[in-house]
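Residue 245 in our numbering is what sits at position 245 of the sequence shown, and the numbering runs on without skipping anything.
Check before you lean on any hint, since a few could be wrong.
Unchecked claim - Heads up, simulated DSS-like pairs for lysine-lysine below, C-alpha to C-alpha not over 27 angstroms straight-line:
1) Lys71 <-> Lys224
2) Lys71 <-> Lys399
3) Lys224 <-> Lys209
4) Lys205 <-> Lys224
5) Lys399 <-> Lys165
6) Lys232 <-> Lys205
7) Lys209 <-> Lys232
To be verified - Pair ranges (Cβ atoms, derived):
8) His214 <-> Arg240: 32 to 38 angstroms
9) Pro162 <-> Met1: 16 to 22 angstroms
10) Arg219 <-> Ala317: 15 to 21 angstroms
11) Glu37 <-> Leu324: 35 to 41 angstroms
12) Gly50 <-> Pro247: 18 to 24 angstroms
13) Gly368 <-> Pro302: 38 to 44 angstroms
14) Gly117 <-> Arg70: 40 to 46 angstroms
15) Ile295 <-> Met220: 29 to 35 angstroms
These are calculated hints, taken from the structure and not from any lab test.
The beta carbon of each residue, even a glycine, is placed where N, CA and C say it ideally should be.
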Amino acid sequence: MAAIDGDRLLRDLYAVREIGKYLTGVHRPTFSPPDVEARHWLAARLADAGLDASIDGIGNVYGRDPRPARKLLIGSHLETQNRAGWLDGVMGIIYGLELARSLGRGIDVAAWCDEEGHFGSFIGSRSACGMLTEQEIDVCANRETGVSLRDALRQAGFSGRPRQKIDRGRYRGYLEAHIEQGADLEDHHLRLGIVTAIVGSRRFKIEFKGQQNHAGTTRMAVRKDAGVALVKLAAGIEARFPAVAGPRTVWTVGDIHLDPGAGNIVPGGAELIFQFRDTDPEILDALEATLNELIAEAASGPCEVTVTYRSATDPAAMDPGFQLALASAAQRHAPGLHQAMPSGAGHDAQIISQILPSAMLFVPSIGGISHHFTENTRDEDIVLGCQVFADAAEAILAKG
Numbered sequence: 001m002a003a004i005d006g007d008r009l010l011r012d013l014y015a016v017r018e019i020g021k022y023l024t025g026v027h028r029p030t031f032s033p034p035d036v037e038a039r040h041w042l043a044a045r046l047a048d049a050g051l052d053a054s055i056d057g058i059g060n061v062y063g064r065d066p067r068p069a070r071k072l073l074i075g076s077h078l079e080t081q082n083r084a085g086w087l088d089g090v091m092g093i094i095y096g097l098e099l100a101r102s103l104g105r106g107i108d109v110a111a112w113c114d115e116e117g118h119f120g121s122f123i124g125s126r127s128a129c130g131m132l133t134e135q136e137i138d139v140c141a142n143r144e145t146g147v148s149l150r151d152a153l154r155q156a157g158f159s160g161r162p163r164q165k166i167d168r169g170r171y172r173g174y175l176e177a178h179i180e181q182g183a184d185l186e187d188h189h190l191r192l193g194i195v196t197a198i199v200g201s202r203r204f205k206i207e208f209k210g211q212q213n214h215a216g217t218t219r220m221a222v223r224k225d226a227g228v229a230l231v232k233l234a235a236g237i238e239a240r241f242p243a244v245a246g247p248r249t250v251w252t253v254g255d256i257h258l259d260p261g262a263g264n265i266v267p268g269g270a271e272l273i274f275q276f277r278d279t280d281p282e283i284l285d286a287l288e289a290t291l292n293e294l295i296a297e298a299a300s301g302p303c304e305v306t307v308t309y310r311s312a313t314d315p316a317a318m319d320p321g322f323q324l325a326l327a328s329a330a331q332r333h334a335p336g337l338h339q340a341m342p343s344g345a346g347h348d349a350q351i352i353s354q355i356l357p358s359a360m361l362f363v364p365s366i367g368g369i370s371h372h373f374t375e376n377t378r379d380e381d382i383v384l385g386c387q388v389f390a391d392a393a394e395a396i397l398a399k400g
């Protein structure tokens with residue numbers, strides 16, 4: 001088995017950490033100047049490793065092995081959430097770079113654009129799979145600034161380049177490595193997780209329309225308080241979801257707005273962003289049915305209730321043979337310190353798995369923290385994960 005260079009791996013990770021560094025983390029949102037700089041930095045490193053490097057018309061960065069024979073595609077993402085962690089996404093990219101160097105052949109690397117969803121939903125990996133239309137690109141915009149995706153691509157210098165698609169015949173499959181973004185491994189004193197499936201999610205924007213009025217003079221009996229209607233729905237979710245949830249179901253009211261949002265005014269409008277996740281499609285359907293019941297009950301009250309946005313991603317099972325290769329390598333290097341586990345977070349692998357056999361490897365997150373600048377993983381766990389990843393990749397490639 002080929003040995004990786006752990007010091008070189010860490011040097012690369014520390015180097016890219018400086019691009020958009022924020023406190024102990026990174027602020028590198030999609031197509032920001034630091035993100036564009038990181039994409040060019042990666043393309044240069046891939047070229048140095050002997051790969052044919054390019055950046056396509058959606059911002060995906062590719063490094064392709066020019067030698068013959070089928071390849072294994074390794075990927076993840078470079079951009080971050082705002083003022084977030086330094087390993088989320090990029091660790092998997094640098095694993096791919098290190099594998100291309102240490103294995104010597106058979107490895108292609110891809111950095112998918114916007115897994116974090118600043119402009120849309122998995123736009124880079126979906127583009128590579130032929131699932132992103134020009135019409136969708138036309139309507140995508142930055143969720144905070146409103147800048148259109150077309151303008152962002154133009155400003156980044158990627159506009160007008162062709163979008164590249166995955167050649168299925170070229171690849172044996174796809175592997176992705178990632179920090180866990182949770183505390184399951186750490187809580188069980190384990191060092192590696194082999195992902196069995198990636199959760200599906202359902203997301204909703206729910207709006208309430210009442211009657212804005214004076215908080216001091218409007219009698220309680222006649223109020224149409226959109227804020228109260230929102231809170232009752234959120235409380236109903238907490239009361240009813242446990243009965244239909246699975247052991248790993250999660251749900252979140254992640255954003256609430258009241259209109260006009262003043263202490264002396266009865267809110268005439270309110271909205272919340274709500275999501276739930278699970279790996280079982282039947283549980284997802286049951287949760288959505290329960291939510292629809294709660295919305296119907298809320299609509300019988302004094303306020304109008306409308307679902308103004310729905311989106312969904314399907315659960316994705318990982319390839320059993322690739323899981324076995326990862327588990328065998330994990331047992332070789334960390335006997336008894338690994339486990340099979342689902343991913344509670346979404347990843348590009350759930351998109352790529354629709355066209356290529358795919359699998360994922362997790363390493364622990366200290367304290368289970370992610371999407372925050374204090375996110376971290378021990379150096380020795382990063383290096384161990386890469387060696388296990390390399391062994392598994394080599395075993396998969398050996399099967400042709």
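Evaluation of the provided hints:
no.: 1; hint: Lys71 <-> Lys224; verdict: violated, 61 angstroms
no.: 2; hint: Lys71 <-> Lys399; verdict: holds, 11 angstroms
no.: 3; hint: Lys224 <-> Lys209; verdict: holds, 8 angstroms
no.: 4; hint: Lys205 <-> Lys224; verdict: holds, 20 angstroms
no.: 5; hint: Lys399 <-> Lys165; verdict: holds, 25 angstroms
no.: 6; hint: Lys232 <-> Lys205; verdict: holds, 16 angstroms
no.: 7; hint: Lys209 <-> Lys232; verdict: holds, 14 angstroms
no.: 8; hint: His214 <-> Arg240: 32 to 38 angstroms; verdict: holds, 34 angstroms
no.: 9; hint: Pro162 <-> Met1: 16 to 22 angstroms; verdict: violated, 38 angstroms
no.: 10; hint: Arg219 <-> Ala317: 15 to 21 angstroms; verdict: violated, 56 angstroms
no.: 11; hint: Glu37 <-> Leu324: 35 to 41 angstroms; verdict: holds, 39 angstroms
no.: 12; hint: Gly50 <-> Pro247: 18 to 24 angstroms; verdict: violated, 46 angstroms
no.: 13; hint: Gly368 <-> Pro302: 38 to 44 angstroms; verdict: holds, 41 angstroms
no.: 14; hint: Gly117 <-> Arg70: 40 to 46 angstroms; verdict: violated, 32 angstroms
no.: 15; hint: Ile295 <-> Met220: 29 to 35 angstroms; verdict: violated, 24 angstroms
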